[in-house]
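Novice: Residue numbers (the numbering used here), protein chains in the order written: chain A, 6 to 252; chain B, 674 to 983; chain C, 9 to 262.
Source of the hints: derived by calculation from the structure; they are not laboratory data.
Computed cross-link-like contacts, DSS-like style, restricted to lysine-lysine with a CA-CA straight-line distance of at most 30 Å:
(1) C:LYS54 to B:LYS675
(2) A:LYS124 to B:LYS675
(3) B:LYS749 to B:LYS792
(4) B:LYS681 to C:LYS46
(5) A:LYS138 to B:LYS681
(6) A:LYS138 to C:LYS46
(7) C:LYS46 to B:LYS675
(8) C:LYS54 to B:LYS681
(9) B:LYS675 to A:LYS138
(10) C:LYS11 to A:LYS23
(11) A:LYS138 to A:LYS124
(12) A:LYS11 to A:LYS23
(13) A:LYS19 to C:LYS11
(14) A:LYS239 to A:LYS23
(15) C:LYS46 to A:LYS124
(16) A:LYS11 to A:LYS239
(17) A:LYS19 to A:LYS239
(18) C:LYS54 to A:LYS138
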Amino acid sequence: MISVTKVNKSFNDKHVLKDVSVDIPEGETIAIIGRSGSGKSVLMKHLIGLLSPDSGTVTVDGIDINAITYAELRRVRRNFGVLFQGGALFDSMNSFENVAFPLRTFTEMGEPEIEDVVKRCLAMVELEDVGAKLPSELSGGMQKRVALARAVALQPRYIIYDEPTSGLDPETSNTIDELIRNLADQLNVTSIVVTHDMHSVLNIADRAAFIYEGRMHWTGTIDELHRSDDQVLKAFVTANEYKIGLS
Amino acid sequence: MKFSNEIKVGLTIIVATVIFILGVRYFEDLPLFDSTYDLVAEFDNAGGLIGGNIVRVNGVVVGSVEDVYISEATGKVMVEFHVDPNIPVTEGTYATITGFDALGVVRMDLVLGPADGPKIPEGGMIAAGTGGDLMSDLTAQAPEMLEDVSSVVDQLNGVLAETNAMLSAPDSDFRQTLTAARGSVEQIEGLLASERDRIASILSNTDSLTADLNASLGEDGEAVAALIAQMEETMATLNEDLERFQETNEQLNELLQKLNNGEGTLGLLINDSSMYHRMDSTLSGLNGLIADFQSNPGRYLKEMKIVDLF
Amino acid sequence: MVKQTLDIVLNPLATLGRYSRLLFHAFGAVAELSIYRKNLWEQMVKSGVDSIPIVCMAAGFSGAVSTVQTAYQLVTPLIPRSTIGAIVVPSMILELGAVVTGFILAGRVGARIAAELGTMRVTEQIDALESMGLNSIGYLIVPRVLAGIIMFPVLYVAACFVGIGSGMLIGDLGGFVPAEEFLVGAREFFQPFDPIFGVIKSIVFGFLITSISCFKGYYTQGGAEGVGRSTTQAAVASCVFLLLADLVLAATLL
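Only chain A is shown next, with the shape it has when bound in the complex:
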């Protein structure tokens, strides 16, 4: 359970997050939606303490992550797996080493065991054969899938996806969506998907939180989203459906 309460955040003179509050219950998949530059990614970084709020609190499992020491914060972060926008694979390591990295760093596993886990993770994203390849030799979609394998290697309780489908063709986007859904079902994790791709929201999310101009404009289930007559939300959803219609 993650709860964000009345978080404010400014960069220099720019007020990015204004009194943002949202609760993310255990086991659910929540989509944080909004236009580019609305503050979605900033909110996401608050969830794992990469940014700290000017005011307000972020609690993970009841712990205020901004009131604890760096060492404790890092322990909290080990509950998270994060899939960054560009994958953020370490480009000095090949795919296998990237996935093995958290295992080697944080577990006492022996090398055969690690190999076993890495193979399983890569198989889950249907990339068994790319272990020896460097990130630069992979396509953008493949990089994201390897990054996903790395994010889940330590079996986190929370997985955060930052724009998982942006910059990918619709088919690859669908594959990623499917992976996210499968992970949520198989591993029973809490997923937070930061996206502006409504297609993917409708595919995978249980609930949605709509950020508009730095404020939490609307929250509710997907059913409620369909029924909502909020003009701003409707405009955002419609614009996306129009795009989906085109593609």
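Since chain A is already given, all that's left is putting chains B and C on it; use the hints.
Specialist: The following block gives chains B and C in isolation, referenced to the frame of chain A:
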């Protein structure tokens, strides 16, 4: 064969450390692998000696100075140094500091004691010997030399004055002494000519002395003693010359007496003024040379000045 | 106008503050070094072992040039030829060895570090490390700075060795001064503190170059262009502070 990072780094660091230690020991004139033989010497004046300067025995480098400091107990200069352990530093060995501070070439020379004497133990004390430094010797000698030269000049001036007085005396008789005087003048001229050569040879001696000095400064403070000996020789030569001048003086005095007792006539001398002019010009030439030497000894001694050397 | 003037004073102070804070965090993370040990070895190879050829080349040339130029300037026959060794060797040990190494590594190591960390920053790899629960400063910066501190003296020794060697060789082959005389001069004027001072200098340079480059790279902003900017700034700032440190050290320790 592929080496792991640990091996590469470890090997590099070890090689660098070995090079560093051996390199420093080499430049410090320490034997690369052997232990050293440490000694201490006590001096009144370090003369600019510092750590790192070399230590020699009979002109051979055998070690180097470790540290130079003032002893708190005695206020004397203590010089810690080390030498090749194979050097027989026996009882009776003494140390001197030589070389030029201004050039930064200061070194310590050891004069070894009798070879069959007992060896001084590690860390033992070595006495300071009396070693002059070249410049102080030179400066001590220079005024003496100048004094000698100026006494010669004084005497010559006296001679000239008497000659003038004699020449201007109206009642002296020159005629009879003229022949004698001519002979005397020729003698004087010959003497002066030979003296001129001698002065030239003195100067060339000085030149070669300076060359020696240059050579010795360039490579080696060793020749200093020899150089000073040579200087002393030069002084002796100068003294001899002075004696000769004195003889000349006496001869001139005789001549004057003859002139004073005179049987010749002054008129002839006046008519025949060429002798007077010749003598006058010769003497004034010599006078000029000596006056120049007196007022401007730098020109003849200049190569000995350290500032002009470098 | 007032604000601009104030910024000229305050911006460097703010930068210094951020730099100090980064170093403070880095020192705090030294205790976790055992986790990042593998990185340390890797950085020691990348910054140290791999830099040996270029450092040796630069030092070799500067040693040779010193000899030739010293010989060219010593025209008086009164000064013995061994003076060439007495000038080249101490200048190599005191100044050239460390500074040439420093400049070469400001370009080679400093730029690499800034580009690496800058790329990791803009592609969110640093965020990825942090999100896994790793101490990114401990993981990325501590091994790089430590590798600099450990390996720079090693490179300094290599530079001096090669520089003196090439100076001696050129002196001998070029007919300026026989190798024996060169060494006699070098030994006569050798000060035992010189190489120690050189090592101290190289340690300081190693720390400065790596820490400044880490700082520039770690706080890169603005995509690929930002990485380019950080890289340039890292190399330039490293060189400037290297010269500054050189002066400060010479003034305090000599």
